[in-house]
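Student: These protein sequences, in sequence, are chains A and B. For the first sequence, the working numbering begins at 101 and goes up steadily by one. For the second sequence, the working numbering begins at 101 and goes up steadily by one.
Simulated from the structure, these hints should not be mistaken for laboratory data. Computed from a prediction, not measured in an experiment: that's the story for all the values here. Among the hints, a few may not be true.
Since copy identity is lost for identical chains, a pair holds within one copy or between any two.
Heads up, simulated DSS-like pairs for lysine-lysine below, C-alpha to C-alpha not over 30 angstroms straight-line [stated by the list, open to error]:
#	residue 1	residue 2
1	Lys190	Lys178
2	Lys229	Lys212
3	Lys178	Lys200
Here's the letter readout for the chains.
2 protein chains.
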Amino acid sequence: MASNPVEEKGLAPWRSSLARALHKNSSLVYARYLQLATVTEDSLPANRTIVFRGFLEETNQLKFITDSRSQKVEEIEKNSWGEACWYFPKTREQFRLRGKLTVVRLNNPHPKLAKARHTTWQEISDNAKQQFTWPHPREHRGQTNTFELPPPNSLEPLSNFCLLLLNPTTVDHLELRGEPQNRWLHQKEDQQTWFTQAINP
Amino acid sequence: MASNPVEEKGLAPWRSSLARALHKNSSLVYARYLQLATVTEDSLPANRTIVFRGFLEETNQLKFITDSRSQKVEEIEKNSWGEACWYFPKTREQFRLRGKLTVVRLNNPHPKLAKARHTTWQEISDNAKQQFTWPHPREHRGQTNTFELPPPNSLEPLSNFCLLLLNPTTVDHLELRGEPQNRWLHQKEDQQTWFTQAINP
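Okay, chain A solo, but in the shape it has when bound (with noise of 0.2 angstroms):
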């Protein structure tokens, strides 16, 4: 992680088409669905999907929530590498993101990191919100239901929520739609700089 994770100028040139295919495909709850695929301690892949939460500020960053008893949060503690696939069905084109992952837990150092772990928090619904009062993911599920506790707190997030950062830096556009097809690859240089080109589909 560089020194100041969230300094960065400029939008990057796959963020226009990015855009277009949100708005294009808005009326799809689930176009803002994505798979995210990791590596295992194993060197297995893990993949799962998991819901756009918008951009962290200025930046090019994704934003995800987690839960800090997922086996992700353990994967990326191991490996921070992850990959984005995001197949928007109107417009029949995907975006690939690859890039390092940040897990920002509870009592992150960084002021504007826990800002945006707390205003996320408080963005999400209440069924959101609640899901971090449910039991442990994938132990062995028990007979009495353990998944009605007291709405949490509003404001003040739950110490296992987790905001996550997708930090692109290589993005592959590919429009299905195009004649016969259109792809581009971004590869990002350094701090201030994309390069991008076209590519055979």
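Given the coordinates of chain A, work out where chain B should sit on it, guided by the hints.
Tutor: Same frame as chain A, now just chain B:
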């Protein structure tokens, strides 16, 4: 790969749930699209959308197609583990299928697999066939249009056409519509036996 990769008896316990999801989502063409994660030689996650092409006859192996020139073929030859993440929008459920991948190329020595490669070629659309005549994927796109080669033979697969098989050994099925949610973990214990348990979402 087992000595006989197509020998397997009986439907796995997750097959009925998956069949139901496919049926209930069949009005959405993209309900047959899923995301396949693999691991690169440098231990980076890779993730892309692929199209489900049914099951290999009398097995629980999922069929896909791929181009021998694609990056995933290279990745799979180094690390054959894959995890498919399959989200069904209408029924709001997710299947995560982890297992070994097999690339069935031209001249595969196993007669049943060689035959399945042929049959799959014959089953795919002309548009899908045509993509195998395109120039090398992910290379710099030239100025001239080299995408208009004559249509390939409809019976005999092009040499770069591969059948791709995923043989799941762990299937994690999550129903978001449950109360609060339902999640099952299916684990393959040996060639004949699966172990299924309800786990916390």
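Student: Each hint needs a verdict: does it hold in this structure or not?
Tutor: Now the hints, each set against the structure:
no.: 1; hint: Lys190 / Lys178; verdict: neither (36 angstroms within a copy, 35 angstroms between copies)
no.: 2; hint: Lys229 / Lys212; verdict: within (21 angstroms within a copy, 51 angstroms between copies)
no.: 3; hint: Lys178 / Lys200; verdict: both (12 angstroms within a copy, 23 angstroms between copies)
Comparing the model with each earlier hint shows a violation of hint 1 alone; every other hint is respected.
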